[in-house]
Structure formats: C-alpha cells, structure tokens
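S.K.: The listed protein sequences correspond, in order, to chains A and B. This note's numbering puts the first residue of the first sequence at 287, with every later residue one more than the last. This note's numbering puts the first residue of the second sequence at 287, with every later residue one more than the last.
Some hints here could point you the wrong way.
Note that the list lumps identical chains together, so a pair holds whenever it fits in one copy or between two copies.
[Unchecked claim] Capping the alpha-carbon separation at 25 Å, the derived lysine-lysine pairs in DSS-like fashion look like this: (1) K561 with K495; (2) K708 with K632; (3) K374 with K696; (4) K693 with K445; (5) K376 with K337; (6) K561 with K534; (7) K514 with K441; (8) K654 with K691; (9) K701 with K654; (10) K632 with K507; (11) K377 with K411; (12) K514 with K377; (13) K320 with K375; (14) K561 with K531; (15) K531 with K514; (16) K423 with K495; (17) K390 with K495; (18) K364 with K495; (19) K658 with K374; (20) K376 with K624; (21) K423 with K705.
It should be emphasised that the hints constitute simulated quantities derived from the structure, not laboratory data. Quick caveat, the model's predicted, so the values are computed rather than measured.
There are 2 protein chains.
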Amino acid sequence: MPKTKFIRRSSAKQSVGGEVENYYLHLGSKPSPKEHIIATYRVESRFAWEKVATEIAAETSIGTWTQLSTLKAPIARKLAGRVFNIDKKKKLIKIAYPLALFEKASIPQLLSGLAGNVFSLRMIKNIRLEDLDFPQKYLNNFGGPAFGRNRVKYKLRAKNRPLIGAIMKPKIGLSASENARLAYRLWVNGADIVKDDENLTNLDFNQFKHRVEQVLYEKTKAQLVTKKKKMYVFNVTATPDVMMKRAKIVERSGGKCVMVDIISVGLDNVQMLRKANLRLIIHGHRAGHSAFTRNPRHGISYLVIAKLARMAGVDQLHTGTVVGKMADVEEDVLEVNKSLTEKFGKFKPTLPIASGGLHPGLVPNLVKILGKDIIINFGGGIHGHPSGSSAGARAASQAVEAVVKGKNIKAWANKKDNKELKQALEHWGS
Amino acid sequence: MPKTKFIRRSSAKQSVGGEVENYYLHLGSKPSPKEHIIATYRVESRFAWEKVATEIAAETSIGTWTQLSTLKAPIARKLAGRVFNIDKKKKLIKIAYPLALFEKASIPQLLSGLAGNVFSLRMIKNIRLEDLDFPQKYLNNFGGPAFGRNRVKYKLRAKNRPLIGAIMKPKIGLSASENARLAYRLWVNGADIVKDDENLTNLDFNQFKHRVEQVLYEKTKAQLVTKKKKMYVFNVTATPDVMMKRAKIVERSGGKCVMVDIISVGLDNVQMLRKANLRLIIHGHRAGHSAFTRNPRHGISYLVIAKLARMAGVDQLHTGTVVGKMADVEEDVLEVNKSLTEKFGKFKPTLPIASGGLHPGLVPNLVKILGKDIIINFGGGIHGHPSGSSAGARAASQAVEAVVKGKNIKAWANKKDNKELKQALEHWGS
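Let the hints inform the model, and build the full structure from the sequences given.
M.R.: Structural data, given as structure tokens:
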C-alpha cells in the first residue's frame, strides 16, 4: 500500500476510519465561519449516509471515486471538504470548504466546484444545493450592488411605497417607436419603471440602439409632464462582448438601468458588468431558473442564486410573487427577499421584484405578504386592462395608492377618480 | 370588446376557436423547416392539453396569461409560437417559432425565450425541453467548431483510435510545477491529452500563468522524447473578461486548447471566445448540467445543450460514459454523440469526450458502445493505479491498444510488457 492513503469510495473495500484515512468525514467538528464556505445539500440515496456524504465532499473539493497516488496526506487534510453535520431526518448534509479551494472572485469557479459534477453522481438519487454561507474574507472579493434598494427607491422618490413596474407586452412585436410611445403612456399614467421583456433584445423590427434613443426621448418628456423621476430597464442580455457594448450605449445615451437574465447569460456576466462601473442599475431577470430550482429534491435553491446575485452586484432582482402565474412557494420567496436585504458582508441590500401574472386586484395581498420595499411588475395586468394600457397603468397605481393609504381596495375602486381600478377588479377579480 | 382579440388563458372564460382567436393552436399545420425553430417539450399537467400547449406557446413567444390590448392580430399571427402537434401518449408538444422572434446569433436570447419562464408556470407540473431543430438560415449565424473532431484527431495523429485523456488529480492541490511535472509523466507514458479539472482555475498555490508556462515547457519536452504530438487543456472558466485574458495567455504562450465549463459560465462565453478566433481548440466541460438535465420529466435535455454547444463552437465536448461514476443513460449518450457528429448546418463535427469514473478495465465496453471517435478521459483511473500515475497512464494506453488491435483485454494484460494493465484489472476489475 502506498504511504499516502485515501479512501476508496464506491468500493466494497472501503473502510472508514480503518486503515484508509477518510479526509472528508469530520462529524461533530466545528467549521470556522471565518475560514470556510459552508454548503448545505439535501440528499436522497440508498447508500449509507456517511458513504454518500464522503462522496459528495470529495467530488466537490479534491477527490474522486478512487484512491489517488497523487494526493498527499498534508494537502488532503488541508484542502478536503469536511462533512461536519448530517441531519438524517431532514436529509441535510453540511460541508465546510477551506477558502484555499476557491478563486478569489469567480462565481463560475465556485459553481463548477460546489454545484458541478455532484449532481451527476450515480450513487445519489437526488441532490439539491440548498444554501451557501460565506466568510467575510471571501465576500470582500465581490462588489455587491453599486446602488441597491435604498438608492433605487430614493432615485424614484418612493421611500414609503412599492415601485410600480410595467413590462412591455407583447414580449416581442412592437417596433422601437411603438415601444417608446407605449412607455410614455405607461409613465404618465403612473408607472415608475418600464421594462423590456426577457426575450426582447435586438431584433430586426426593434433594434436595440433605436429603442434606447426613442425610449429615452419619451422618458424625458414623461418626466417633464409628470414632474417625477422615471426609469426604463433595457434588456442587455447577450453574449458578454455584445452585452457590454449595449450597456455602454445605454450609459452614453443617459439611461440609468439595464436588465441581465442572470440564468441565460450567468452571473459571470453580471460580475463583469459590475466591475466596469458604468453607473447603471443592474436589474436581474431570472427566466429559466425553474429548470433547476423548482424541484425541491434536486438542483439548486433560488436562495443560493439570490445570494450570489447580490454578491455579483444585482441591484434589483426578480424573486417571485406568491400570488401570480408562477409556481413559487410563499416561504421560499420570503426567505429569498429576507436574504437580499439582511446584513450580508458589506453589501447594500438588493431590491426584490415581484413579477409574473400580477394584476391590480392582487396588490393588497402581495404587499401584505412581501411588504412595501418591492417593485411590483405588471405586464398582462396592465396591457390586458379592458380599456387599454393607459387605463391599466392608472389602475395599477390606484391599487398601490389604496394599499399605501391603508384603504380597502374595493372601496377605493368605487371612488369616481378610480374607475380604471374598478374595471380591473371587475375584469380579473380581487 | 376591443377589436384585436386575444385568448384569455388561465381563465374560465377562455374560448378556443370561438369568438376569441387563439393565435397559438394550429394542430395539424405544417411548420416550415426553413423558417421555423421547432421546440419539442415533454409536459405533465392536470389541465387540458390544448390549454396547456397554448399557454406554453404564448409564454415562449409573445403572449402572457391574459388578453392584451397591445397585441394586434396581424403581429400576433406573424409572431406567435404555433403548436402543430400534441402527442398525448408520449406527452410531447411540438411548437414552431418564426425566425423573426430571435436575435441572430444569441444563445442567451434563444434560451430566455424557449427555456425561460416556461419552467415556472403554475399550470404545469413538469416540463422538459427535449429537443430543438433549427433552420439553416438561423444556424448560419453561428461559427460552429473552428477545428472539430477530424482536425483534433489529425493534430494528435489518432485517426483510427480513441484519444487518451488524463485529468489532473487531485482536482486541486498540486502546485503549478508539480502539475507540469505530473503532466510530463502522463504524456511520456501514453496520454495524448492532459487536462485541468473543472474547479482548477487560478488559485493561490497554482496560478494560471505559472501553470501555462511550466506545463507548456514540459509539453515540449514530452513531444521531443516521445516524437508524438501532445495537448494540454487549460481551464479558462472565469468571468468573461478574465476568461478572454487567460485564453490569450494560452495563445501567446503557444498552447493549443482551452477548457470552458459551458454550464457555469454559459455558452454565451463560448460564442465570444469562438468569435475572437484565437486558433484555440475549445474543450467543453459540463460540470453542473445534471442540476437540470438529470430529471427526465423537468428541465432541459443534454441533447439541446450539445446542439447549442456545437453551434457556439465547442470542438470537443463531455457527453457521458455510460459505464462510469456518472448517472447517464446509454441511449441518451448515444443520441448526443450522434447529434454532435451527424450533418448539422455547415458545422464541423464535435468530438465526444467520455469522462467520469473510467478505468482501463472499462475501455472495451466503452468503445464497443461509443465507438473509436472519442476522447477517453481518465482521472482516478490513472492516478489511482496501485503503482502510481505513470503506471496508470501506461495501463490506460495498453487498454486502448488492446481494443484498437481487437485483442481480448485480459489476454493482452498477460503479455509481459503490459503488467501495468494487469495490475489495473486486478485493482478495479474489468
């Protein structure tokens, strides 16, 4: 036998704590919150817990399925992921990883390790990365939001109320000038923020550059007319080189905010964008996340994604509606929103966005559950209003007004100035 | 009622084919393979098939959950995703999307649309994007592999045999110089290709730049000694700006190949790297894919990812082993390998890589299933050899030799020159 021993996993000859040293299993040991990244996995497997936990810790740090001649004991003891807790009832395995395993400011490298091959292991039936906790030292490598919740709310003079967001609908189909004129109507009828939808980028009949020009022209007009600050969210989701070019177009044109689909381009792009310091608010869309977050038994929790998004520099992030068209779970959304705004490194809070299937009648319940420090995005819930988009924007702002003033929404809708809200409630219910 | 009608989905008032026009449902119609991208979804829902299919087609193209005043009929008829087939038995829904919906060369934009919010819809229990088919016109926007299978095999003079890849193990823990010296031993003992593992990027004790310098120095030596061409795969997985810098370091230093984790940084990064035309072979690692590919009922099939990877420009791609530590299904791996090498646009074939838990004893079965046009990656299966990594590399190449010569591996192991193979078979079985 070679001197440097290594547990031979996936093998009948395995001997935990016997003549072969298990570098990975340290049940009951205490990780150092200053020196370790801690991952919590939820696991289902027909194999013994200790065996499975060892396999996971090895695959996510320095090991593989067999004993290695090249892994010297001092290195292994220094770098191995250390399983310190197994909660068999909750199916949770907690592993502490020494910081030396990680590149300084690379979300991709972190994910390739802790959310990589581990999902493929044959020995495991289901595995979900539920949570990650980071030492301050690691977090210091990341910029976090350049603006964050408070700055966004201040910019739009909305300290004590939710922000009203309006999504362009149809998702795709309007020309740049139709898009701009519609945005104007939404702003003057009460929307604070108007935004591109997730698949509207640069299309033949609505080119990015034209959209930026025309929308910002209309924004200036809307600000003059309403004497209020308005915002447009330009979708710069693209390959990284193109994304940067488009973000610079927005910056040079006087725009203030860009949207990145953090799933389809990844948080690596957000990191790059943040580092470029273009003084643009970063709006994080999350189309596609449910491919791996929705199954509670396998994949990655959205909590993990949200924490990483805040580290990377997302100022405002889609997190769920609880009440809309998307299948999110109330307690999950609350947990994510809490994680975006509670103390975390030295980062500013990220502003949560509720988006997907919302209409005015849902606003009271939404705010009751999620609070006032959110952006409420309406798409169909504005453009589907029986009297059109302008009426839809008015109905949305009347609904928000009712909630902010503590009024019953149905009573509020009966006031003669609020007939658009009344129509909306009749159309979609409340 | 407004003139432009739109089906009100998720609503009791919905009337398919009645007074409200359903832009999305065209069962039995024929899509044009020259004008449409065709998506195949596998779906589970308790709602009626037509209703669910309409919801999916709307959400992935231009619609949302309610009737929109802003969606004019001519635009809707032109841009809607069109459901043309529902196979209730197989649970498959096929939708044709007009090209006007898509940006020319943006995998992120494609994914935000077709693999975006659709995974979140409350109405659907499970949904998996099983396949995508593309018109030539769309494919022409992409570069595909700059080198491809044949060029890689030619460069390494391996026309009629599998290539032998050796993965650095431990994944993390060796210094740059230990790494380089170990690579030398692997090359001179038979490996064609030596590669970084997925979480080895730029670490304090093994810095990228040093690794490149020292590894390429050892590669030159190994080529002189063996009189054979060798390759090293440098992992450039990082944020896009850093990834490009590292790729340029490899290029300037005379390296030939870089590895990108196509999941943790995304195919958008591969597109950018390919466009830069650095004359580097792009090696696609896939750590993390199983977070959304493993569940056969929900997520995205690896077939879709593999097609997109070929479009983006991946020259050689991890696709599964069937026989190793990873949980892949034989028919899926075969289908993916076929899709990488069959006619597809004007793209060169991508070389499939079998990687994960392989050892010499598995080679005959592996090649029997997957054929000779693959890279066989060994990690633990080399470094776990009882006599060390050099012996491991010899055993791996003896196993490949046996298969190429059509010899029985056990008989071949009994030849006196092949004692390393014999040891490997005794150690891990065959």
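S.K.: Decide, hint by hint, whether the structure agrees.
M.R.: These are the hints, each one checked on the structure:
Taking the shortest alpha-carbon separations for K561 and K495, both the intra-copy value of 23 Å and the inter-copy value of 22 Å come in at or below 25 Å. For a Cα distance limit of 25 Å, the shortest separation of K708 from K632 qualifies neither inside one copy, at 45 Å, nor across copies, at 57 Å. Taking the shortest Cα distances, K374 and K696 never come within 25 Å of each other, neither inside one copy (49 Å) nor across copies (43 Å). Proximity of K693 to K445 under the C-alpha cut-off of 25 Å is restricted to the intra-copy arrangement: shortest distance 19 Å within a copy versus 77 Å between copies.
For a Cα distance limit of 25 Å, the shortest separation of K376 from K337 inside one copy, 17 Å, qualifies, whereas the shortest one across copies, 38 Å, does not. In this assembly of identical chains, the alpha carbons of K561 and K534 lie at most 25 Å apart whether taken from the same copy (13 Å) or from different copies (20 Å). In this assembly of identical chains, the alpha carbons of K514 and K441 lie at most 25 Å apart only when taken from the same copy (10 Å versus 64 Å across copies). Taking identical chains as interchangeable, the C-alpha atoms of K654 and K691 lie at most 25 Å apart only when both belong to the same chain, with a minimum of 13 Å there against 73 Å between chains.
Taking CA atoms no more than 25 Å apart as the test, K701 paired with K654 passes inside one copy only; the shortest distance there is 22 Å, against 77 Å between copies. For a Cα distance limit of 25 Å, the shortest separation of K632 from K507 qualifies neither inside one copy, at 38 Å, nor across copies, at 49 Å. Taking the shortest alpha-carbon separations for K377 and K411, both the intra-copy value of 12 Å and the inter-copy value of 24 Å come in at or below 25 Å. Proximity of K514 and K377 under a CA criterion of 25 Å is satisfied in neither setting, with 52 Å inside one chain copy and 51 Å between copies.
Taking the shortest alpha-carbon separations for K320 and K375, neither the intra-copy value of 28 Å nor the inter-copy value of 54 Å comes in at or below 25 Å. Taking the shortest Cα distances, K561 and K531 sit within 25 Å of each other both inside one copy (14 Å) and across copies (15 Å). For the homomeric pair K531 and K514, neither the shortest alpha-carbon distance inside one copy (29 Å) nor that between copies (44 Å) is at most 25 Å. Taking the shortest Cα distances, K423 and K495 sit within 25 Å of each other only across copies (24 Å), while inside one copy they are farther apart (40 Å).
Taking the closest pair of Cα atoms, K390 and K495 come within 25 Å of each other only across two copies (15 Å); inside a single copy the shortest separation is 35 Å, beyond that limit. Proximity of K364 to K495 under the C-alpha cut-off of 25 Å is restricted to the inter-copy arrangement: shortest distance 24 Å between copies versus 52 Å within a copy. In this assembly of identical chains, K658 and K374 lie within 25 Å of each other by CA distance neither inside one copy nor across copies; the values are 39 Å within and 44 Å between. In this homomeric assembly, K376 and K624 come within 25 Å of each other (Cα to Cα) only inside a single copy, at 22 Å, whereas the closest approach across copies is 42 Å.
For a Cα distance limit of 25 Å, the shortest separation of K423 from K705 qualifies neither inside one copy, at 55 Å, nor across copies, at 50 Å.
In summary, the numbered hints that this structure violates are 2, 3, 10, 12, 13, 15, 19, 21.
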